[in-house]
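Trainee: Here is what each chain is made of, one letter per residue.
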Amino acid sequence: MFFDTYKILRHQGKQFIPDITKAVLPTLFRGRPEISDEACSDGCSACADVCPTEAILLDPVRLDVGKCVFCKECVWACYKDKFSFTNDYKIATNVRERLIIAEGVIDPIKLDVLKVRKEIVKFFGRSLKLRQVSAGGDNSGEMELNACSNVNFDMGRWGIEWVASPRHSDGIVITGPITENMSEALQICYDAIPIPKIIILAGTDAISGGIFADSPAINRSFLDNHHVDLYVPGNPPHPLTFINGVLEMIRAKY
Amino acid sequence: MSFLAVNNNQTIHLKNIPILEYGEFISGIKELMANHNNHCASYFGFPEKNLTYQFIALIADDGEGDIKILSYILEDPANQQVESLTKEIPAFHIFEREIHENTGLGFINHPWLKPVRYAWNRTDKRKNLTNYPFYKLDGTESHEVGLGPIHAGVVEPGHFRFSCYGETVHHLEVHLGYQHRGVESLFLTKKSLLQRTILSESITGDTVVGHTIAFARNMELLYGIEENQKLALMRTIASELERIAAHVGNLSSVCQDIAYQLGSSVFGALRTSVINYFEWWCGNRFSKGLIRTGYNPYSFTTELREKLMKMLDDFELKYVEMSNAMFRLPSVQSRLEKTGTVTKEQAKIIGSVGLAAKITGIPRDIRNSHPYGYYKNVFYMPAIGKTGDAMAHTLVRDQEIKKSLRLIRYLVDDFEKHEKLDCDVRPDLKRKKMEPSTLSISLTEGWRGEICHVAVTNEEGELAAYKVKDPSIHNWFSLALALRGNEISDFPVCNKSYDLSYCGFDL
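These protein sequence lines are chains A and B, in that order. For the first sequence, position 182 (counting from the first letter as 1) is numbered 182 according to my numbering, and the numbering increases by one without interruption. With the second sequence counted from 1, adding 1000 to any position gets you my numbering.
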């Protein structure tokens, strides 16, 4: 039995990604979108018409990554090939407006370090315990968040861990569009977390409601009353997006 | 009585469905359900016009491979009461509860006509999450333990109420609904095909391929598009890959729950290699974007095929040595064996499907009984267990992974036969309408079990109803039975080995 275990360990080798900030994803991965500044044909609204979640605004053309479900249909719909999705996965930010990509912008999406609360860096810089609350999430986001702590991504290296009880946690990570039926439990969970606490929205559904934005079964009033510390877009958010976003936040230097 | 029988992936004009009186309907159901090859694939009601509702039950026959349709019409069901089937055929309990919640139709003699998911458009708004009628256990040493909706781990919400006497759980009541997003009603209000496709991808994000194929097949049937062999083959490969990823991921979490760290880490890493392959294929680890109505947006190139074979060879080597080590370990065996046992008889009575049926020895598998797509060209013999406990779960998953690996290799070899076919061009649906007044049925086998999507169109060729059934609808009750006679500490292992969907149930 010992030799079996030894063989398995040998075959597995090193599984972790050594430098989480430099990992490269396949070119097909749909990360940060770019919109070229080529002029549109007069009156063309092909991209906005096809978008399933009304994430595209016209005149000038902008794409809201917080609403985008990354279906790539705008890329195929545009007659001028204005849209493209890069494999840049570092798309988390703490300012909602920064998720709206304008024409001709090819800069990466970054956190506004000045807006990161001081106590986050002070208290959570080297240890952050998080409670995840799924409020209508479709389980892909939850699985990706689970994957953050597996042997490949291993965010425990930086002291970031999932905990079972809100009492042990420093913040909540919300997935899903926040259903009416879950809204009360979400509030109770948030209240149970000791101060200071943070809120992270993971996934398009959580940030804007995504495809469920106008569903009568959701209730997003929780977000009207609370400050969100980090937006992690994606459908579902890639573990690299989440880990890099959180690390940038807790290590923000003023 | 003779019944109207259709096949999987078939449309039928609403006019051709015989309308029965309710009395005939229940005697018909009883006659059919006396044969244990039959199970209810779906039973739902939808507004025909104004207050008149049509109710349709689909009884799938695993032996004959067809689906019998029974239907009745009621005016203003909210103010009507009919005889319940549940007392005689418990498998109908969830469907009758769902109909009661959505349409208000009363069922006389239903033993537990409790709310299902507290849908936003339920008829009785006085019923809400705070006043769910739990069962009570009385006695001097009896006690209850509530768990959830927020419970340990990164999982979806659900409430579990254990009724215990001493340390023994006598009943587990599963109370869901927290994940309800209004999927079925959004299928009707969202008008574009793309929006509906995105919705079907979001029914359960862990069974994207299974649900989206079911949806895409329905749309192809209603729009009159043919699914060619190449497209079917590609979809089949995707669905088998999804199965492997889900099963191996589940073995990882079961290992974690029984404190077997090596298994948890290695199976977790193996899952990563499979879902990362999806990222190479279509840019999303959960294959969102891969399945579309009538075409394949991401072609399955020679390079991708070679990459797949390489990935699978590496996967198989590492998987086989890990699973051999795991199943040989006495501590794994002693923790999983006789934990959460469900008998074959129980599974038959409650109408379990998919894994929950297979662990007890019922070979219920749509790929075998109602083949669709490329499964028509292959013979798939379902893997079955015997014992119905947590051990059977892991053993059936292990067998299914190995079968899927073989099947994918066979399918990739078959690819050259159909290479010349074209499935990369998006069909032009702008001026096309769906077939009016038609019902279309699409059954697929997701990794949890049988997925059933039913679409109904109105006279204008617009969707009048879209009914989604995830296998979890049948199987949550099986988890409740599994816990009986066990301890609460067995719950994590049982829950993880069933690994049922919350959002697929709540919709």
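These aren't lab readings, by the way, just hints derived from the structure by calculation. What you are looking at is a predicted structure, and each value in this text was computed from that prediction instead of being measured. Some hints here could point you the wrong way.
Below, a list of computed lysine to aspartate or glutamate pairs in the DMTMM-like style, where the Cα atoms sit at most 20 angstroms apart [as the list claims (entries may be wrong)]:
1. A:K14 with B:E1321
2. B:K1430 with A:D154
3. B:K1190 with B:D1424
4. B:K1190 with A:E54
5. B:K1376 with B:E1075
6. B:K1087 with B:E1075
7. B:K1432 with B:D1413
8. B:K1125 with A:E184
9. B:K1015 with B:E1064
10. B:K1191 with A:D154
11. A:K110 with A:D81
12. A:K7 with B:E1279
13. A:K14 with B:E1064
14. B:K1191 with A:D214
15. A:K129 with A:D191
16. B:K1190 with A:D214
17. A:K115 with A:D4
18. B:K1318 with A:D4
19. A:K7 with B:D1314
20. B:K1433 with A:E161
21. A:K90 with B:E1279
22. B:K1191 with A:D224
23. B:K1432 with A:D49
24. A:K7 with B:E1064
25. A:K22 with A:D154
26. A:K7 with B:E1173
27. B:K1190 with A:D49
28. B:K1310 with B:E1167
29. A:K14 with B:E1098
30. A:K129 with A:D88
31. A:K14 with B:E1075
32. A:K22 with B:E1279
33. B:K1127 with A:D49
Sample of chain A residues lacking proximity to chain B, with all beta carbon distances greater than 12 angstroms (derived) [claimed, not checked]:
34. D19
35. L25
36. E73
37. N87
38. V113
39. R126
40. S127
Cβ atoms here follow ideal geometry from the backbone N, Cα and C, with glycine treated the same way.
Trainee: Evaluate each hint against the coordinates.
Mentor: Each hint, compared with the structure:
1. Of the pairs offered as hints, the one joining K14 of chain A and E1321 of chain B holds, with about 17 angstroms between alpha carbons and a cut-off of 20 angstroms not exceeded.
2. Only pairs whose Cα atoms come within 20 angstroms are accepted, and K1430 of chain B paired with D154 of chain A is rejected, the gap being roughly 47 angstroms.
3. For the suggested pair K1190 of chain B and D1424 of chain B, the alpha carbons sit about 26 angstroms apart, so the restraint of at most 20 angstroms is broken.
4. This hinted pair checks out: K1190 of chain B and E54 of chain A have alpha carbons roughly 12 angstroms apart, not beyond 20 angstroms.
5. The straight-line distance between the Cα atoms of K1376 of chain B and E1075 of chain B is roughly 41 angstroms, outside the 20 angstroms bound, and the hint therefore fails.
6. A distance of roughly 25 angstroms separates the Cα atoms of K1087 of chain B and E1075 of chain B; the hinted pair therefore is violated under the 20 angstroms criterion.
7. A threshold of 20 angstroms between alpha carbons decides the hint, and for K1432 of chain B with D1413 of chain B the separation of about 36 angstroms lies outside it, so the pair is violated.
8. Our distance criterion of 20 angstroms between C-alpha atoms is met by K1125 of chain B and E184 of chain A, whose separation comes to about 17 angstroms.
9. Distance restraint check for K1015 of chain B and E1064 of chain B: the Cα-Cα separation of roughly 24 angstroms exceeds the 20 angstroms cut-off, and the hinted pair is therefore not satisfied.
10. For the hint pairing K1191 of chain B with D154 of chain A, the CA-to-CA distance comes to about 42 angstroms; that exceeds 20 angstroms, so the pair is violated.
11. For the hint pairing K110 of chain A with D81 of chain A, the CA-to-CA distance comes to about 25 angstroms; that exceeds 20 angstroms, so the pair is violated.
12. Between K7 of chain A and E1279 of chain B the CA atoms are separated by roughly 29 angstroms; this puts the pair beyond 20 angstroms, and the hint is violated.
13. The hinted pair formed by K14 of chain A and E1064 of chain B fails the criterion: a straight-line CA distance of about 51 angstroms is larger than 20 angstroms.
14. A C-alpha spacing of about 13 angstroms is found between K1191 of chain B and D214 of chain A, which places the hinted pair at or below 20 angstroms, so the restraint holds.
15. The hinted pair formed by K129 of chain A and D191 of chain A meets the criterion: a straight-line CA distance of about 16 angstroms does not exceed 20 angstroms.
16. Between K1190 of chain B and D214 of chain A the CA atoms are separated by roughly 10 angstroms; this keeps the pair inside 20 angstroms, and the hint holds.
17. For the hint linking K115 of chain A to D4 of chain A, the alpha-carbon distance of about 52 angstroms lies beyond 20 angstroms, and the restraint is violated.
18. Distance hint between K1318 of chain B and D4 of chain A is fulfilled; the C-alpha atoms sit about 12 angstroms from each other, no more than 20 angstroms.
19. Straight-line distance between C-alpha atoms of K7 of chain A and D1314 of chain B comes to about 14 angstroms, which keeps the hinted pair within the 20 angstroms bound.
20. Our distance criterion of 20 angstroms between C-alpha atoms is broken by K1433 of chain B and E161 of chain A, whose separation comes to about 51 angstroms.
21. With a C-alpha separation of about 17 angstroms, the suggested pair K90 of chain A and E1279 of chain B falls inside the 20 angstroms cut-off, and the hint holds.
22. Only pairs whose Cα atoms come within 20 angstroms are accepted, and K1191 of chain B paired with D224 of chain A is rejected, the gap being roughly 29 angstroms.
23. Restraint check: the Cα-Cα separation between K1432 of chain B and D49 of chain A comes to about 18 angstroms, which is no more than 20 angstroms; the hinted pair holds.
24. Only pairs whose Cα atoms come within 20 angstroms are accepted, and K7 of chain A paired with E1064 of chain B is rejected, the gap being roughly 48 angstroms.
25. Restraint check: the Cα-Cα separation between K22 of chain A and D154 of chain A comes to about 15 angstroms, which is no more than 20 angstroms; the hinted pair holds.
26. Of the pairs offered as hints, the one joining K7 of chain A and E1173 of chain B is violated, with about 44 angstroms between alpha carbons and a cut-off of 20 angstroms exceeded.
27. Between the alpha carbons of K1190 of chain B and D49 of chain A the distance comes to roughly 13 angstroms, so the proposed pair stays at or under 20 angstroms and holds.
28. Straight-line distance between C-alpha atoms of K1310 of chain B and E1167 of chain B comes to about 50 angstroms, which puts the hinted pair past the 20 angstroms bound.
29. Annotation: proposed proximity of K14 of chain A to E1098 of chain B is violated, straight-line Cα distance about 50 angstroms (limit 20 angstroms).
30. Note on K129 of chain A and D88 of chain A: the hinted pairing is violated, with a Cα-Cα distance of about 27 angstroms set against a maximum of 20 angstroms.
31. Proximity of K14 of chain A to E1075 of chain B is assessed by CA-CA distance (about 66 angstroms); at most 20 angstroms being required, the pair is judged violated.
32. Annotation: proposed proximity of K22 of chain A to E1279 of chain B holds, straight-line Cα distance about 18 angstroms (limit 20 angstroms).
33. With a C-alpha separation of about 40 angstroms, the suggested pair K1127 of chain B and D49 of chain A falls outside the 20 angstroms cut-off, and the hint is violated.
34. No beta-carbon of chain B comes within 12 angstroms of the beta-carbon of D19 of chain A; the shortest separation is about 17 angstroms.
35. Not every CB of chain B is more than 12 angstroms from the CB of L25 of chain A (nearest about 7 angstroms), against its label as outside the interface.
36. Not every beta carbon of chain B lies more than 12 angstroms from that of E73 of chain A, the smallest distance being close to 6 angstroms; the non-interface claim is violated.
37. The claim that N87 of chain A is not at the interface with chain B is violated, since a C-beta of that chain comes within 12 angstroms of its own (minimum 8 angstroms).
38. Taking the minimum C-beta to C-beta distance to chain B, about 28 angstroms, the non-interface status of V113 of chain A holds against the 12 angstroms cut.
39. Residue placement check: R126 of chain A keeps its beta carbon more than 12 angstroms from all beta carbons of chain B (closest about 22 angstroms).
40. Non-interface status of S127 of chain A relative to chain B is upheld: no Cβ of that chain comes within 12 angstroms, the nearest being about 18 angstroms off.
Checked against the numbered hints listed earlier, the structure breaks hints 2, 3, 5, 6, 7, 9, 10, 11, 12, 13, 17, 20, 22, 24, 26, 28, 29, 30, 31, 33, 35, 36, 37; every other hint is satisfied.
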